[in-house]
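Enquirer: Chains as they are written, first to last, in my numbering: chain Y, 1 to 280; chain Z, 1 to 285.
What the hints contain is simulated information worked out from the structure, not anything from laboratory work. Hints may be right or wrong, so weigh each one.
As the list claims (entries may be wrong) - To be clear about the criterion: a stretch of chain Z counts as covered by chain Y if any three or more of its residues have a C-beta under 8 Å from a C-beta of chain Y, and this derived list gives those stretches:
(1) 18 to 28
(2) 102 to 110
(3) 113 to 122
(4) 134 to 142
To be verified - If you want the ones that stay clear, here's a sample from chain Y, every Cβ over 12 Å from chain Z, calculated:
(5) Leu18
(6) Ala75
(7) Ile152
(8) Ala168
(9) Pro173
(10) Arg221
(11) Leu222
(12) Leu268
Claimed, not checked - Derived Cβ-Cβ restraints for the label pairs, each shown as a range:
(13) Y:Ala100 / Z:Gln17: 37 to 43 Å
(14) Y:Lys62 / Z:Gly80: 56 to 62 Å
(15) Z:Glu81 / Y:Ala262: 37 to 43 Å
(16) Y:Phe42 / Z:Glu170: 38 to 44 Å
(17) Z:Pro121 / Y:Gly81: 20 to 26 Å
(18) Z:Pro125 / Y:Thr6: 27 to 33 Å
(19) Y:Gly132 / Z:Thr143: 30 to 36 Å
(20) Z:Ser148 / Y:Gly130: 55 to 61 Å
(21) Z:Gly28 / Y:Gly130: 37 to 43 Å
(22) Z:Ser147 / Y:Gly81: 49 to 55 Å
(23) Z:Ala134 / Y:Thr257: 51 to 57 Å
(24) Z:Pro241 / Y:Ala79: 38 to 44 Å
(25) Z:Ser147 / Y:Ala262: 23 to 29 Å
(26) Y:Phe133 / Z:Glu170: 32 to 38 Å
Even for Gly, the Cβ is constructed at its ideal location relative to N, Cα and C.
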Amino acid sequence: MLSPITEPLAYDFFLRALLASSMVGVVCAVIGSYMVLRGLAFMGDALSHAAFPGVVVAYLLKGPFYIGATVAAIATAVAIGWVTRRGNLRGDTAIGVLFAGMFALGIFLFSLIPNYVGDLFGFLFGEVLGIGFGDLVALVGLAFGVLAVIAILWKELLYTTFDPLGAAASGLPVAALDYLLLALIAVTIVVSLQAVGVVLVVAMLITPAATAQLLTRSFARLLAVAVGIGVVAPLVGLYASYWLNAASGATIVLVETALFLAALAFRLQQGRRRTHEVGA
Amino acid sequence: MSALRESPSGEPQAGTQPAVRLTAVTAGYDHRPALEEIDLEIEPGSLVAIFGPNGGGKSTLLKLIADLIQPWSGTVEVLGEPAGRTAHRIAYVTQAELVDWSFPVSVWDVAMMGRYPRLGPWRRPGPVDHDAVAAALERVGMTELRSSQIGSLSGGQRRRAFLARAIASEPDLYLLDEPVTGVDVTTQEDLMALLASETAAGRTAIATTHDLAAAAEHFTTVVALNQRIIAVGPSSLVLDPEVLSKTYGGHLLVLGNQAVVMDDAHHHDSASGGEQHYHERPERR
Chain Y
1 MLSPITEPLA YDFFLRALLA SSMVGVVCAV IGSYMVLRGL AFMGDALSHA AFPGVVVAYL
61 LKGPFYIGAT VAAIATAVAI GWVTRRGNLR GDTAIGVLFA GMFALGIFLF SLIPNYVGDL
121 FGFLFGEVLG IGFGDLVALV GLAFGVLAVI AILWKELLYT TFDPLGAAAS GLPVAALDYL
181 LLALIAVTIV VSLQAVGVVL VVAMLITPAA TAQLLTRSFA RLLAVAVGIG VVAPLVGLYA
241 SYWLNAASGA TIVLVETALF LAALAFRLQQ GRRRTHEVGA
Chain Z
1 MSALRESPSG EPQAGTQPAV RLTAVTAGYD HRPALEEIDL EIEPGSLVAI FGPNGGGKST
61 LLKLIADLIQ PWSGTVEVLG EPAGRTAHRI AYVTQAELVD WSFPVSVWDV AMMGRYPRLG
121 PWRRPGPVDH DAVAAALERV GMTELRSSQI GSLSGGQRRR AFLARAIASE PDLYLLDEPV
181 TGVDVTTQED LMALLASETA AGRTAIATTH DLAAAAEHFT TVVALNQRII AVGPSSLVLD
241 PEVLSKTYGG HLLVLGNQAV VMDDAHHHDS ASGGEQHYHE RPERR
C-alpha cells in the first residue's frame, strides 16, 4: 500500500533529489546567515548569475561544470572588489554592471550552441530530480567542506561581520576573512546550481536567514532556525512538486517564501499585540 | 584655575618606553591629507583625550595607532613595536554610529568577542573566558542585562557592553572613538572611573572626543589636534583660549566666560542637525 509520503521514495532519483536539496538547504542557510547580516544579498544574486558562463564554457570544453562555475564566480567576486576600489564606484554599481555582463556572456555562449541543450537549461532553473550519483557525491563533499570551514571560523567571521574595525584592531585578518567568505559563497552557489538553478539560488541563500531574523534575536538561534528551514523547505517542496508535477526548484523556493511571509505575519501580529498591551 | 584637579600624568616618567610614539606621520584618505607631520609620544598609564574639530583627524589618529590605516609617511610605534605587531594587546572601541545595533547578539556575546582573538580559530571559549567575560560585565554593571540583545539597550548601556568587550580582552592599550558621545551622565562618570582605574594599573587609554567639558573633567592629558598637533599637555589646556582658537580656528567664539564651539557637518549623537556645543569655562566669578 502506497501513501503519498512513501510512494515517491520508491524512486532512486527522488531519494537522490531529497538528499541533494536538503544538503543544499543546510549549507545555503548557514552561509546565507552571514550574508544577511553583512548585506550581501545582492552580491549572492550576482555571483550565481556570474557562474553561468563558467558552466557553459565547462560544457563546451567537456569539463566538470563545478570547476567552471567556481572559477567564474570567484573571478567575478574579485573583479567586483577591484572595480569598486579602482573605479571609486559604489559596491552595488560595480555588482550591477559585472553581474549583468557575466550573465549576458553566459546566455550569448549558450545561444551559440546549435542544438537544444537540456542540461544547460537545467542550470538556469534547476533540475534536482535529474541529479546523478556522481554529481551528488561531489555536491555532498563540497557542502561538507564549506560547513567544515564555518565550523572552524564561525566566531572570527561573526566578529568581523559585527564590528570589522574592532576585530581588525585586535588582530583578526579582516580582509582575508572577507575574501574567504566570498569564496565560500561562490562554492555554496556552485553546490546549489543543479538543485535550484542560477536564477533562484539567491532565495535559498537569503530567505531562510531572513525568515530566521524575523523570529530570533541571537545568532545561534538564527543559525538553527535558518538550517531548520533549509532542511524542511526542500522536503515539502519536492513532495509538492512531485504531486503537482511542477518545477522542483521553483516549488522549493515558493515553500521558503511562504514560510518567510508566515514569519512576517507572525512578527507583525506580535508587534501589534505588544502595542495594544502598552496602550492598555 | 582652582576648579581644575592636578593632573598626575603631566609629569614625565623617565626611563619608560612610550606606549605610543608617532614620528613625522602624515596620513589621509584618497589624496587628501587628514594629518600632517605628527610627532606624538604617549606615556604608559596615561588617560588621554584627543580633541579638535570634525575633520581635524581625531579618528584618523586613533586608526593609525590601531593599524587600521597606514601612514603615507613617518612611523607609528605601539607598545614598543611597529603598529600592528601588538594588535592582540589593543582593544578598540568603535564609534557607536558605525555599529549595526539590530545585529542578533546579546551583551554577553559582544563581551565574549573580546576573547576571540586570543582564542584563535580552533579553540572554543572555555571556563577562563567565561570568567573573564563575567568579571568584565560585573565591572561595567551589565551582569543583569547580559542576555539582552544589544539593540534593546540604551545608548549608555551599549557603551558599557562595548567597554566590557574591551576589558574582557585584557588589553594594555585602550583606543576609544568618541566613548562619551551620546551617553547619560551616570554612564559617562562610570566609564571614566573604569578607565581611570585601568590607567592607574599601568594600562594606557586614548580616546577621541569633541566634548571639551568631558576632556577637561575626566582626562589627565589632552591632545589638541587640527591636522597638526596644536598642543599636548594637562587637561587644563582645553580651557586655554589661545589653544582653543588655534585648534578650532573660525569655529570658535569666545563670549565672555563661555567658549562656544560651532562645529559644522556634525553627525554625532542623536541630536537634531545644526546643533551647537556650549562649553562653560569653570572659572566663573
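Enquirer: Please name the hints from earlier in the document that this structure breaks, with their numbers sorted from lowest to highest.
Expert: 1, 4, 7, 8, 9, 10, 11, 13, 15, 18, 19, 20, 21, 22, 23, 24, 26
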